[in-house]
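Residue-level listing of the chains:
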Amino acid sequence: MKAVILAANLSIRLSPFIETRCKPMIRIAGHYILENSIFFLKEAGIHDIVLVVNHQQDMVRQYFGSGQTFGVNLEYVVQEKLEGIGHALSLCRSSLEKKPFLLVYGDVMTDYNPFLSILQTYSETDREVALVTLPESSKEFGNVYLDHEMKISRLVEKPQANQSNYVFAGMFVLFPKIFELLAEKQNDVSRCYEQMVESNKLQACLWEKGWIDMIHPWHILDANKMIMSSWQTAEIDSTVKLLGHVHIEGAVRIGPGVTIESGTVLKGPCYIGSNSYVGNNSLIRNFSAIGPDSIVGYGSELKNCVLFGNNDVGRLSFVGDSVFGENVKSGSGLTTVNHTVDYGQIACKAKLDLVETGLTKLGAFIGDSVSIGARHTLGPGSIVESKKIIADFITL
Amino acid sequence: MCGISGIVHSENVGRNLFNSIRNLEYRGYDSCGMAMLSKGEFDIRKNIGGIDEVNAIEQLDKMNGMIGIAHTRWATHGGVTQANAHPHLSYKREFVIVHNGIFSNYQELREQLMDQDVVFESLTDTEVFVNLLEASYSESNDLEKAFLAALKKIEGSYSIVMLSAHDPEHLYCVKKGSPLLLGLGEGCNYVGSDLNAFLEYTRQAIVLDDGEYVVLGRDDYQIRNVQTGEVTEKSVLHIDWDVETSKKGGYSHYMLKEIFDEPQAILQALKIPSEQISVLARMFTEASRAYFMGVGTTFYVANISQYYFSTLAGQYYASVSSDEFSIVTVEPGDLVLALSQSGETFDTKISLEYAKISGAQTAAIVNVMGSAISMMVDNVIMQGSGPEICVVSTKAALAQTFIMLRVALELGMMKGCLTQDVYQKHQEDLELFPELVQQILNEQSGFVRNIARDTSHVEHWLFLGCDIYYPVAMESALKMKEVTYQHAEGMPAGFLKHGTLSMVEKALHSLFFVPPMGQKVLHDRTLIAMEQVKARGGTVIGIIFQGDERALAACDQVVELPEMNLLCAPLAQMIMAQMFAYYAALDLGRNIDKPRNLAKSVTVG
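Line by line, the protein sequences are chains F and D. With my numbering applied, the first sequence corresponds to residues 4 to 399, in that order. With my numbering applied, the second sequence corresponds to residues 536 to 1140, in that order.
Bear in mind the hints are in silico, worked out from the structure with no lab data behind them. Take the hints with a grain of salt, since some may be wrong.
To be verified - Using 25 Å as the maximum straight-line C-alpha spacing, the simulated DSS-like pairs for lysine-lysine come out as follows:
| hint | chain 1 | residue 1 | chain 2 | residue 2 |
| --- | --- | --- | --- | --- |
| 1 | D | 1041 | F | 364 |
| 2 | D | 1055 | F | 212 |
| 3 | F | 212 | D | 1041 |
| 4 | D | 806 | F | 154 |
| 5 | F | 228 | F | 332 |
| 6 | F | 45 | F | 84 |
| 7 | D | 1069 | D | 1055 |
| 8 | F | 204 | F | 101 |
| 9 | F | 161 | F | 228 |
| 10 | F | 161 | F | 204 |
Using the sequences provided together with the hints, build the complete structure.
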């Protein structure tokens, strides 16, 4: 069976990260989202993958190439105009029209392998299958009604306030006749699903493990936490240099070539990517992911944060409940304030509007290649656009 | 409690026999094993653990032979050890048996056999029988005669399947007190503790009665009476259960699957002919006194039923837990109505026997066909909910409650407590209930999941309700305990101020079963209790009905159900609580379908 991963879309709500990368190239717990999907597909025995790309596609091509180093064959299909999922899928017709295939939305993340489940349901029922799950809020997704045989009996795009159903989880086993249906429904994929449901053909496969759709920047933190929570063991590369007394507890993962200075405490689960450096007396707390080639200066504290890679965190900084894009450099004494004094809910000024996050702890979201001078304090929920340069905070 | 099965075929049946006990695993799962006869040699493999665990060690599914027997065990006599696991071989290695039940006089027989230099490998009562058989055979050299001779020496309740090297073409089976059914295939025949043993292979079945034995070949079978030796003609049943409903489908647990099966279970309960419901209702009118009896979940079903009977038929009947039934002085003319999913529940069986001996009329609502209770009572209603595999009962309990509601309505009508119009309106609403349940299951799943996610860390719960919602709270608390291993205490909401209120603080969570606002007095009573908890800083979760602003204000989190018939409302709340227990257990990583220390049907005292 072949799989198609939709990785072309530009989703502005994920600003400030989406301007400089496509969603599947967001690095979570040390791996890109797309890397995770490819790994799970390979584990489920699927080696031929069609990638639909457009926005920031060079980054994808550069990292994954032909897929050889990841043990799969990748075929790239470019969606020149971003005209939705149905359109993206219709472009893959020549690659997929002979046999049933897996459709994977490129922006969802799971902690365990969902493809094994969906393929099992497909093989048992010999029907088209949709993975369905129960998210914390079903408002953003297509809601489904299940009958007693776990076939989908109804779809509701915009659910009412008093209902919270299972939703499409962005993974399907589809038959090639979908392409005719797409042509008939002007590439409107929702109408195709509706048609399949009406003809009583779409089987559901329940996914009860972790599942996150990346819509807002704080979902990166949720996904990071979900992945790290599934870690059972510590993995420390043999080339890691622990200089003097370094205290390590829990599921800590450290890549090759990392140096950690004396007095530092690592409380897992946390991740430090290859060739990074952590200065003396730092505290790396749970759910911190430090991307490769990064530097964390002396006496800094990190907690529940994602650093994409090639980051500098200046000495005596605090980074909590925050996401730093690639190449973000900050001077000494940076503080990300992660709650209001009254622990109220934090709103986030995204690209378009002020969005209520519903969270009482949230730090800052800093786009790729931002430079922040020394001694800055970033308020809860602040967003810094990519490539911005903020001068040192100097009092004299 | 055990599951036994056997197959006689013209082809290799190792894999099928393995699947067969796997389908019976819910009957007990502390150890299992298989014996196959091939070229005059026995291959016996057994070990402790669940079926898949044992298979990983013993490779049961790779065994070869055209005839074999298998067993999955829930220990009654002797500890859980490899030696005590079935099948059991005789000391001269000529006979092998699997057995479900208890031989009550085995100690005495064991001593007699030991005097004859028989060496025992295990502590089980089963091994006594297999050696008794061997001793009998050495006297007669006739297998059937030896089988009967051994049977005449043992006492107790049992079902047995025996295989011997002296007759590699037949299985010898007997039923007395424990269930046993035959499955008839083409060129092959099956025997098993229940239909799940062979439903995958055939839908033609024969239910054996107590005191019957069978010599089962691949193309032939003969059923005879153990005492008289007379041949018995039995009718062949066609089983119309869908095999798929016995399997998990795409659900990760049977429990959730069975919750989603509930609309179907109610539909089946609605299909029970009204004449059958009337016959049962009439038994109440004729009885001088009547009792409801059940244990565990079915006891709570009995308690909920009390309220239905009292409201609809103006009659209070006591519900008694089967294990405490000895408190009741049963007299001729009384009626005892038993509730049991499996129809094998030990305490219920014993109490029914006591009721029968005392001259009472007996009736039962049971899910498993051919089970002991279904066969011993004067009148049985088969609820037809389909197999329930998860140890924790959901759909079967709900369907039983629904059937009791139908009986109460019928009795109310007979006694003139209900007008034709009211009766008709209720009947119409009951007809619509399956669809409503389907809607609730779909639309509320997400809310229930979220509350469970937020509260799965909570170790102590109070489940509270008034009137009929009190036994609903009790049953729901039991579900919670069974599947999450967290402490949940069900009690009447009115009880709080008489003591329990002293426990209330933020960490103590309360789940309130709030009646529809239409039941004003009841609603007020519940809300007063809820507000008492809230005022003392307790955390309150409510299962409420839409538009209930007062409850909404008093609760920290709610599940809101749509408006519905007042008789159906407690059932809908019960379903929500089942779902809540399921999701809480999921977050806690519990062994949902087989919670620790529990077996599907408790057939031991």
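Hints, one by one, checked against the model:
1. Annotation: proposed proximity of residue 1041 of chain D to residue 364 of chain F holds, straight-line Cα distance about 22 Å (limit 25 Å).
2. Restraint check: the Cα-Cα separation between residue 1055 of chain D and residue 212 of chain F comes to about 42 Å, which exceeds 25 Å; the hinted pair is violated.
3. Distance hint between residue 212 of chain F and residue 1041 of chain D is unfulfilled; the C-alpha atoms sit about 29 Å from each other, more than 25 Å.
4. A threshold of 25 Å between alpha carbons decides the hint, and for residue 806 of chain D with residue 154 of chain F the separation of about 23 Å falls inside it, so the pair holds.
5. Between the alpha carbons of residue 228 of chain F and residue 332 of chain F the distance comes to roughly 24 Å, so the proposed pair stays at or under 25 Å and holds.
6. Restraint check for residue 45 of chain F and residue 84 of chain F: not satisfied, since their Cα atoms lie roughly 29 Å apart, outside the 25 Å limit.
7. At roughly 20 Å between alpha-carbon atoms, residue 1069 of chain D and residue 1055 of chain D fall within 25 Å of each other, so this suggested pair holds.
8. Proximity of residue 204 of chain F to residue 101 of chain F is assessed by CA-CA distance (about 19 Å); at most 25 Å being required, the pair is judged to hold.
9. Straight-line distance between C-alpha atoms of residue 161 of chain F and residue 228 of chain F comes to about 29 Å, which puts the hinted pair past the 25 Å bound.
10. Taking the CA atoms of residue 161 of chain F and residue 204 of chain F, the gap is about 22 Å. The hint holds against a cut of 25 Å.
In summary, the structure is inconsistent with hints 2, 3, 6, 9 from the numbered list given earlier, while agreeing with the others.
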